[in-house]
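For reference, the chains in residue letters:
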Amino acid sequence: MDQEKHTHNGYYYSLTRNMLLVIILVAVTPMIVVSSIILYQFDISYHEKVHAHLQEVILKHKNDIDSFLKQKLGDIRLLAKTFTYEELRNESFLQDRLELLQQIYGPVFVDLGVINDRGLQVTYAGPFKLGKALYSNANWFKRAMESQYFKSDVFLGLRGLPHFIIAVKENVNGDSWILRATIDFVAFNNLVENIRIGETGFAFILNRKGEFQTKPLFDLIPAKVPYNDCFKDCNVCKEGVCIMEKDDEAGNRFIYVSALLKHGEWLLVYQQKASDAFSDLRGTIRVTIAIVLLAGISIVVIAFILSRKMVSRVAEADREKEMITEQVVETGKLASVGELAAGIAHEINNPVAIMVEEAGWIEDLLEEEEFKEGENLGEFKRALGQIRSQGRRCKEITHKLLSFARKTDSRTQDVQLNELIEELVALSSQRAKYSNVEIHSNLQENLPTLHVSQTELQQVLLNLMNNALDAMEKTGGKLNVSSELEGEFIVVEVADDGPGIPEANIARIFDPFFTTKPVGKGTGLGLSICYGIVKKMGGDIEVRSTIDAGTIFRVKIPIPSDQQTAV
Amino acid sequence: MSDRGERQKEKIRLLLVDDEIGFTDILAKRLGKRGMTVTPVYTGTKAIQVIRKQDFDVAVLDLKMEDMDGIEVLKIFKKAYPEMAVIMLTGHGSEQAARDGIAHGAVDYLTKPCELEDLVKKIREAAR
Chain A
4 MDQEKHTHNG YYYSLTRNML LVIILVAVTP MIVVSSIILY QFDISYHEKV
54 HAHLQEVILK HKNDIDSFLK QKLGDIRLLA KTFTYEELRN ESFLQDRLEL
104 LQQIYGPVFV DLGVINDRGL QVTYAGPFKL GKALYSNANW FKRAMESQYF
154 KSDVFLGLRG LPHFIIAVKE NVNGDSWILR ATIDFVAFNN LVENIRIGET
204 GFAFILNRKG EFQTKPLFDL IPAKVPYNDC FKDCNVCKEG VCIMEKDDEA
254 GNRFIYVSAL LKHGEWLLVY QQKASDAFSD LRGTIRVTIA IVLLAGISIV
304 VIAFILSRKM VSRVAEADRE KEMITEQVVE TGKLASVGEL AAGIAHEINN
354 PVAIMVEEAG WIEDLLEEEE FKEGENLGEF KRALGQIRSQ GRRCKEITHK
404 LLSFARKTDS RTQDVQLNEL IEELVALSSQ RAKYSNVEIH SNLQENLPTL
454 HVSQTELQQV LLNLMNNALD AMEKTGGKLN VSSELEGEFI VVEVADDGPG
504 IPEANIARIF DPFFTTKPVG KGTGLGLSIC YGIVKKMGGD IEVRSTIDAG
554 TIFRVKIPIP SDQQTAV
Chain B
195 MSDRGERQKE KIRLLLVDDE IGFTDILAKR LGKRGMTVTP VYTGTKAIQV
245 IRKQDFDVAV LDLKMEDMDG IEVLKIFKKA YPEMAVIMLT GHGSEQAARD
295 GIAHGAVDYL TKPCELEDLV KKIREAAR
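Chains as they are written, first to last, in the numbering used here: chain A, 4 to 570; chain B, 195 to 322.
Worth flagging that the hints you see were computed from the coordinates, not collected in a lab.
Watch out, some of these pointers could steer you wrong.
What the hints assert, rightly or not - In silico lysine to aspartate or glutamate, EDC-like type, Cα no more than 16 angstroms apart, as pairs: (1) B:Lys223 / A:Glu361; (2) B:Lys227 / A:Glu370; (3) B:Lys227 / A:Glu372; (4) B:Lys223 / A:Glu371; (5) B:Lys227 / A:Asp367; (6) B:Lys258 / B:Asp294; (7) A:Lys559 / A:Glu496.
Just chain A, with the same shape it has in the complex (with noise of 0.2 angstroms):
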């Protein structure tokens, strides 16, 4: 029984598992698989966008700087163009000039310089005092000689302070001079240092050398930056603007957007951390993986919940056919032993008729003449007549098998019901002796005839009389059976004094299948049939318990509408 009990167990166990585990797997799959594809193609499209948004601010910043240069660059020709080489040479002239390029663009312009072609500097207007500096040797000097203007990488100097210059050449009678101009290092790099994008973003200016053109806002080694794999990409792509993702040595990954400028020979180079370039989207990928995580748990939960219900409901079903399964297979038994019952009942029954018939034949003979003489005739009679009872209880014994077996007769018929009581407590007392307990029975005398089936009501009281002894059975008491007119109806109390029968039971007493009896000793049809039986009757059954003070059981039987004007 244990074993059985414990394969039952692994059963639905593993039925539990497995529903489980199908639930969780048809939910949480597509799930994975839909958050994974949207995540996926968020993350190719928000990608697209930060580098599409980086590329259109490095662009306007590449168009800005190189229009600030042109500009620069105009200014001067202009003023070369505008003015003779001998209005330029003269000190105060250029001097206003400068003041006046100072008064429009502000300290942008820090000296204004006109060169010979031998590479003195015959005129200075500006802060430091560089007139009569010779340039003949600087590299910048070499390079404005060779091409109509000129502009400069940012270099120390003379002055020892980063600047870079804008070089334009003009001819007066055949020989050349250059008109110079300084244009401000800080003025410049705050064109580019106003880039600033997130935490980490940051641009500067490379010149073809690797050499920094504007000053960094972090601490940065050029070799560091893949400067040449920049100037390369630039070439080739689109709208002068390029982006790279790379891995540093530490293994950071950085974004970097370049744009050439000043016709190829610097680099404007943004850079900035992929993690801080695309937080937005870590911020959304966590909120979307805690969501995922948090309904995946809430899958397993309803999954755990919803199989558990379920299997339970299944045992149950188990349980209902197997207790219907035994309930057929008791009465199959029930009805194959009635059968044989009957059947022996009936080969008894005329053996018996015979026998009682030849003692009657006797009997008969004995009143003749000729035995009224004999001296044992009163032994004759009193043998006869013991056979004729004897054959008489006999027949009662088989009526009775027979009654048991037949099945329920639902005839009606006219009981008395207190005889029916007396010959149920009868019958029960043999039982309620092993049991300890009394039976006590407080009829009401002259009750009127019922018109019921005599079986049925049998069966009624029979059952909740047996129902009561098996509650008293360990503990034994008293059981009175009473019986009473109450209006338009007979009355018939069970009363025991066993453990009572608990609250949340009573409501459920007479539900088909309710039992509180261990597996096989009970079906839980008794109460249910008796409640069919009495309802078809016009009664009704009622119970009231109290535990440990015992239970009642009170059946109203309507009395025949014929005997309701005798009483």
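Got chain A; can you put chain B on it based on the hints?
Chain B only, in chain A's frame:
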């Protein structure tokens, strides 16, 4: 005493049909002793043959016989010899079948084994 003598003059002619031979014989003897002319037969077929040759006042007919069902025999009796009163004899528990017999024209029924005096009373009532 005169009453009894009157009855003896017009003896009730009784046909007793039951396949339990021992029972039928002893019952025939006892009823004979009570002033009836009893013809015991042990099968339904035999009973049908007998009523064609002989007249009876009353027939006592067992409901369950091996060769024929009592109700079937009853139907033939009532068709061939409607004046003859028929009392059905039944085993315990088949009262319903006995009542069916009444529906088919039997005058009464008795549950077997029965008290002889009850049977005699019913036969006399049926013969009137």
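- Hint check against the structure, violated hint numbers in rising order: none
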